Every structure is written in C-alpha cells, then in structure tokens.
Amino acid sequence: MLEVLVEQRFYVTAVLLFSVGLAALLLHPNLIKKIIGLNLMDTAVFLFLAAMGYVDGGKAPMVEPGAEAAAYINPVPGGLVLTGIVVAVSTTALFLALTHRLYQKYHSVNLDVILMLARRGTEEE
Amino acid sequence: MTGLELLLLSFLIFCAVATVLCRRLVSAVIIFMSYSAVMSILWFLLESPDLAITEAAVGAGVTSLLFFLTLRKINALKGMERDEE
Amino acid sequence: MKNETRNEGWYGRFLHWAGGEEPDGPEGPEDPERQEFLEYLEYIEAHGDMEFGAYRLMRYRERREKGMEGAQPPADRPAERREVRRPARRRRPGALRRQLRLYRGLSVCVIAVLAGIFLLTAAAMPSFGDPEAPAMNEVARRYLEDGVEETGAVNAVAGMILEYRAFDTFGESAVLFAAAGSTLLLLHSPRLRVRTFRGPDALMSLLGRGLLPAILLFGIYVIVNGHLSPGGGFSGGAVLGGGLILASLVLGEERMAQLLSTRRTTRLTVFCLLAYAGMKGYSFFTGANGVGWEIPKGTPGEILSGGLILPLNLCVGVIVACTMYTFYILFLGREE
Numbered sequence: 001m002l003e004v005l006v007e008q009r010f011y012v013t014a015v016l017l018f019s020v021g022l023a024a025l026l027l028h029p030n031l032i033k034k035i036i037g038l039n040l041m042d043t044a045v046f047l048f049l050a051a052m053g054y055v056d057g058g059k060a061p062m063v064e065p066g067a068e069a070a071a072y073i074n075p076v077p078g079g080l081v082l083t084g085i086v087v088a089v090s091t092t093a094l095f096l097a098l099t100h101r102l103y104q105k106y107h108s109v110n111l112d113v114i115l116m117l118a119r120r121g122t123e124e125e
Numbered sequence: 126m127t128g129l130e131l132l133l134l135s136f137l138i139f140c141a142v143a144t145v146l147c148r149r150l151v152s153a154v155i156i157f158m159s160y161s162a163v164m165s166i167l168w169f170l171l172e173s174p175d176l177a178i179t180e181a182a183v184g185a186g187v188t189s190l191l192f193f194l195t196l197r198k199i200n201a202l203k204g205m206e207r208d209e210e
Numbered sequence: 211m212k213n214e215t216r217n218e219g220w221y222g223r224f225l226h227w228a229g230g231e232e233p234d235g236p237e238g239p240e241d242p243e244r245q246e247f248l249e250y251l252e253y254i255e256a257h258g259d260m261e262f263g264a265y266r267l268m269r270y271r272e273r274r275e276k277g278m279e280g281a282q283p284p285a286d287r288p289a290e291r292r293e294v295r296r297p298a299r300r301r302r303p304g305a306l307r308r309q310l311r312l313y314r315g316l317s318v319c320v321i322a323v324l325a326g327i328f329l330l331t332a333a334a335m336p337s338f339g340d341p342e343a344p345a346m347n348e349v350a351r352r353y354l355e356d357g358v359e360e361t362g363a364v365n366a367v368a369g370m371i372l373e374y375r376a377f378d379t380f381g382e383s384a385v386l387f388a389a390a391g392s393t394l395l396l397l398h399s400p401r402l403r404v405r406t407f408r409g410p411d412a413l414m415s416l417l418g419r420g421l422l423p424a425i426l427l428f429g430i431y432v433i434v435n436g437h438l439s440p441g442g443g444f445s446g447g448a449v450l451g452g453g454l455i456l457a458s459l460v461l462g463e464e465r466m467a468q469l470l471s472t473r474r475t476t477r478l479t480v481f482c483l484l485a486y487a488g489m490k491g492y493s494f495f496t497g498a499n500g501v502g503w504e505i506p507k508g509t510p511g512e513i514l515s516g517g518l519i520l521p522l523n524l525c526v527g528v529i530v531a532c533t534m535y536t537f538y539i540l541f542l543g544r545e546e
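Residue numbers (our numbering), protein chains in the order written: chain U, 1 to 125; chain V, 126 to 210; chain G, 211 to 546.
A portion of the hints provided could be inaccurate.
Result set (DSBU-like, lysine-lysine): computed pairs, CA atoms no more than 35 Å apart in a straight line [stated by the list, open to error]:
hint, chain 1, residue 1, chain 2, residue 2
1, U, Lys59, G, Lys507
2, U, Lys105, G, Lys276
3, G, Lys490, U, Lys59
4, G, Lys490, G, Lys507
5, U, Lys105, U, Lys34
To be clear, the hints were calculated from the coordinates, so they are not data collected in a lab.
Remember, it's a predicted structure, so these values are computed and weren't measured experimentally.
So here's chain U without its partners, still in its complex pose (with noise of 0.2 Å):
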C-alpha cells in the first residue's frame, strides 16, 4: 500500500488535488473560492500529464540529432500542458469578469445569496 502511494506519488497527488479543487467547486458558497477550485482542477490535471509523460533518466526533449528516444521524456504531455495552462488563464479570466458582472448587479459573490435574490426577480416578474 505505501510502496503503491511512493510509487506513484504523482498521480496520487494529482488525484486528491483535483478532489479538493472540485469540493470547493461543488460546494463552496463564494464564486471566488469556485474559481480558485477549477484553478487546483485544472493544474492537478496538468501535472497528472506532465507526470505521465516523465521517463526515469530522461532528459527535456531537446534533441540531438542520431539519438535515442528513450533518452528523452515524451514530447506529447508537455506540448498538451504547455498550451493548457495559457488557456485555463483565460477561462479564469473570463469567469472573473462574469463574477464582476453578478456582484454589480446583486453586490454580492455568496452564491446562495444570488439565488435567492435572482428566484425573488422572476417571481415577480
């Protein structure tokens, strides 16, 4: 059981991250702590990648011309990451700007409370 949680060290980390960051996602009452939860989502499935493409001994992909594969770490992950990561900065940048938008029109980020004053609006509507 140890061994397993050493030996794969990163995937378990990668696991219990993307959990947290999905509790707080799922559960959290403020849209500011919701966003820093698809944050944690979002780097733990990042290094669930980067981990999967590690080779013991490998080096960073810059290749000399003639040389084995084996001697590098796969190219695949990082090229995926690498552009993840800049577009998961602009999808939080997005949902803070919406966040922006709620709090304007309601002056507050609590979600439960926006849902409540948003059902109050359509009643009456």
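Position chains V and G against the provided structure of chain U, taking the given hints into account.
Same frame as chain U, but now just chains V and G:
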C-alpha cells in the same frame, strides 16, 4: 530526490486544502500563489522546464494579479488598503 | 446552530465551510451601497418580501421624516409605481434551502465516488517513470527520432505544437483571442472608473526598473529561441505579458496606455492570428509535407532553422503577451 518530491507534493496538498478552507479571500489567493510556485518547481523536477517557466509566469503572476484586481473590485480589499496608509 | 459550530476546531470549521455561511470576505462591507443591501437582506428576512427599490424608498422616507441630514432620494425610482403591485405568490418557506441541502449531499457523493475511482486508477497505472509505459508509444518515438529531420527544430515540443499539430495551436490562439474579446465586452463600460493603484513606492519602483529589462529580454529570448531551447511562444509570451504588466505598474498606466493601448493590442493580436493562418494555410495548401514548395529547414541548432517555426513562435508569443496584458488593463477598470 524522491524525498524532495514527496515533501513538495505534500506541501502542494496542504496548500490546496488551506486555500479552500481559508476564511479570508486575500489569504486564499496568496496561498494559491505559493501553490503555483511549488507546482513550477515540481515541473522542473519532471524535466519540463518550459512548463515551469509558463506556470511561474502565469500561475504565480498573472492569475493571482487578476484575482487581486477582482477582489479590489468587489471591495474585499478595502480594510487592508486603509491599514497601509 | 451558528454559535455551536464556530469553535469546534477543524471539524467545526469544515462544517461551517460546507454549511455555506461564509461571508464574502471578512474584510467586510465598506461599500455603503453594499451595507444598505445587507441591511435590506436582514429586513426582508424579518418582515417578508419586498423589492430593493421599494425598500430604499421606504428608508429614504423614514430618514426624511426624522429630518436627518444628507438624506438623498434613491437614484433609481421605478419602485414608486411598483409599490401597489399585487403581493407576490408565497413560496413554501425553506424550499430553496432544502434544495441546497440535497445538492450538497449529492455533491459529496459524486466527489467521493470520483475520488475513489481515480485513486484505484492511479494505483493501477503503469508505474511512474516507466520507459515502457503505453504513453510512450510510436507517436512520441516518431516525434523524438525523426522530428529534427522533419521539422528542423531541436526542441521536440516546439516541433510538435507548431509543425505536426500547428492547426490545433492555431485554435488555441483563437481561444485566447475569444476570451480577451469576451472579457472586453463584459468589463468595458464607460461608467466604470475604478481608482488605480497608488503610484509605486521607492523600493518597488527601483526594483521594478531594475528587473524590467531583464524580464522583457528573457521573454523575447524564450520566444525567439523557442525551436532551440525549452520554451517557445506560449512560455515566452507569458513571461513577456508579465513583464508588460510590471512595466505598467512601474511606469504608470498613462505612459503604458500611450505606448500600448487596448485598441493596439487587439489589432496586434488580430494581425498575428491572420499571419499565423496565412503561413499555416500556405503550408497546408502546398500539401502536408510542402511538396515542391518546401521552405528550407536550415541546419538544426542554428537560429535561422526550423522553417516556419520561428515566425509562428513570434506570432504565438505576441498573441499570448497581448492577451495577458489586455486582461490586466481590463481588470484595472481603466480605458485610455
């Protein structure tokens, strides 16, 4: 090397839990910054320096700055600014 | 209930957190409008349903009757005629609260099940760092073994995302542009003028001015050297964007706005996207391997090598840097 990785990974989990449970939004964002910094060190250990550069610039820099600016917009920073003056 | 759970160590704190009672931040409501809004929430909790506008009008009348100083009529007064509307349909009390409790229970179940499945999967994964793992399949091998010859780029990651999978990267750059555009739509409002940061203090200014050239130079180096060393458009663009934000902090937004206005960053982004589309479209048009129209690959390891990868890296770098800087300027709430 494994010991260092285990240390950093447990710090990562600690940071994640702390940033979610923390009461003050400002502290949560600051903890998230340190989380990103540790994540970039881990990527350096995983032989992906390009990811480390990106995460250090983006996670610890731009994302946190955007969070801070949003907190200022929703008036969650006001007490702190007065302390400074 | 509240007071019971408050001082029970981490478990009580967890309950408190999961119970959804957290305020928006203990730094608290300094905003007078927000303060009034919170009072309104307490009022409707005690006295039943009422519209915010009607509440403000009522408070205004109370203050005027008492002859208080500084009583101002509420700015928006559509509530005046709404006051005589029919009473709102009564909802069963606590319906929303019950739904939220159900939602929380289901969420905990989903999280527990997912975490369990994922942990079992993590234990069953091929062991960490295994060179024979299925992830290291023929695709990755091909990129590593023939990549230098086929793309001319020493950096296998750059060769992959800008040559083999360039169309995918184009889509991602377009996503950045779309996100910047929608943030612009959401946050740009002529009424919105938040105060800016106070000017940088002496230490910050000194440090910033000292670091700024190094950061900008490093960003440009990472972009231009993207096919030879770790990095490329995305990494270098992020560093460069951070450098631009630092420049705006140190030099002041007015000077940076003259140098790089939102209009200009948008134009730069669009230009770079079009340039990317043009270059890659050309290389697709002439056949996937550039039959007959091959762009010289150059000697791998030299700065002018790798065919289109260097200009594509430049385009991506400019797009990423401009997007980061645009986000910062928009969240600052300030237009030129």
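Hint by hint, here is what the structure shows:
Of the pairs offered as hints, the one joining U:Lys59 and G:Lys507 holds, with about 24 Å between alpha carbons and a cut-off of 35 Å not exceeded. Between the alpha carbons of U:Lys105 and G:Lys276 the distance comes to roughly 30 Å, so the proposed pair stays at or under 35 Å and holds. Restraint check: the Cα-Cα separation between G:Lys490 and U:Lys59 comes to about 30 Å, which is no more than 35 Å; the hinted pair holds. Of the supplied pair hints, the one linking G:Lys490 and G:Lys507 holds, its CA atoms being roughly 15 Å apart against a limit of 35 Å.
A threshold of 35 Å between alpha carbons decides the hint, and for U:Lys105 with U:Lys34 the separation of about 19 Å falls inside it, so the pair holds.
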